[in-house]
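Asker: Sequence:
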Amino acid sequence: MVTALSVNLNKIALIRNSRDGNYPDVVEHAKVCIASGAEGITVHPRPDQRHIRPDDVRQLATLLAPMKALEFNIEGNPFAPPRGNYPGLLVLAEETRPDQCTLVPDSDNQLTSDHGFDLTRSAEQLAPMITRLQAQGIRVSLFMDPIPEQIRLAKEVGADRIELYTGPYAAAWGTQELETIYRQHFLAAELATELGLGVNAGHDLNLINLPKYASVPGLLEVSIGHALTVDAIAMGLANAVQAYKNILTEAAS
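Heads up: take any position in the sequence shown, counting from 1, add 369, and you land on our numbering.
Read the hints as simulated data drawn from the structure, not as lab findings. Cβ atoms here follow ideal geometry from the backbone N, Cα and C, with glycine treated the same way.
Okay, derived cross-link-like pairs now, PhoX-like style, lysine-lysine, Cα gap no bigger than 25 Å in a straight line: (1) LYS614 / LYS437; (2) LYS437 / LYS400; (3) LYS400 / LYS380; (4) LYS614 / LYS581; (5) LYS614 / LYS400; (6) LYS614 / LYS380.
Computed spacing ranges between beta-carbons, pair by pair: (7) GLU563 / PRO451: 33 to 41 Å; (8) ASN615 / ILE384: 22 to 30 Å; (9) ILE384 / THR549: 31 to 39 Å; (10) THR549 / GLY390: 46 to 54 Å; (11) ASN454 / ARG501: 18 to 26 Å; (12) LEU564 / ARG466: 24 to 32 Å; (13) ASP389 / GLN545: 42 to 50 Å; (14) GLY390 / MET604: 20 to 28 Å; (15) ALA612 / PRO586: 22 to 30 Å; (16) ALA434 / ASP389: 26 to 34 Å; (17) VAL599 / GLU563: 30 to 38 Å; (18) ILE516 / GLY406: 27 to 35 Å.
All chains should be built: construct the whole structure from the sequences, respecting the hints.
Answerer: Here it is in structure tokens:
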């Protein structure tokens, strides 16, 4: 099994938003990623619209809808209320019908997502949201830390998959803590698979640390945006996508 690559386009949108107009064009960059071998496109709209905007989500949904072999993944905080023309994550997902909706416990004051759900506190609120999305044919993934008790709760609350938060793994690269953190992810992925949960992963994975992480068992998908966009500056977007794809293909063999 080759782990799927879903390219996160948030940083393309962030660059665009630094000027008026639509340059760079998020949809055109999605087309390049797809043509270069990406199996999916990820976006993470936030209420403050710092990067991906609701209309980006709608346009990407239109692009990807006929491409049945490709996955459209929308990430976001299901608890964030509507603001301006941001209708809320669940409403936007129901309108655009992505293949997967990844629920993430982030907030406006976070620079980026930096922790998974604590389901001892949020499971009761999340359960009807998960059911609501699944009723629309949308697979639901929960952004999680590699904590066994939390992963068991993810299964109990009805999630289809988990996305393991790999920020601490990436931060530990080159330190003595790396093997301990990698082992936590390895065991978390094994447990999730045993429970019948699919396993995704993402956050700060790059060309250096991905080869090791790709050996985590049962890894179905990685979502990569920041590092891939940075690599694209030097390598070109198509070459960057292919470089990440090559790592995942080699790991499977």
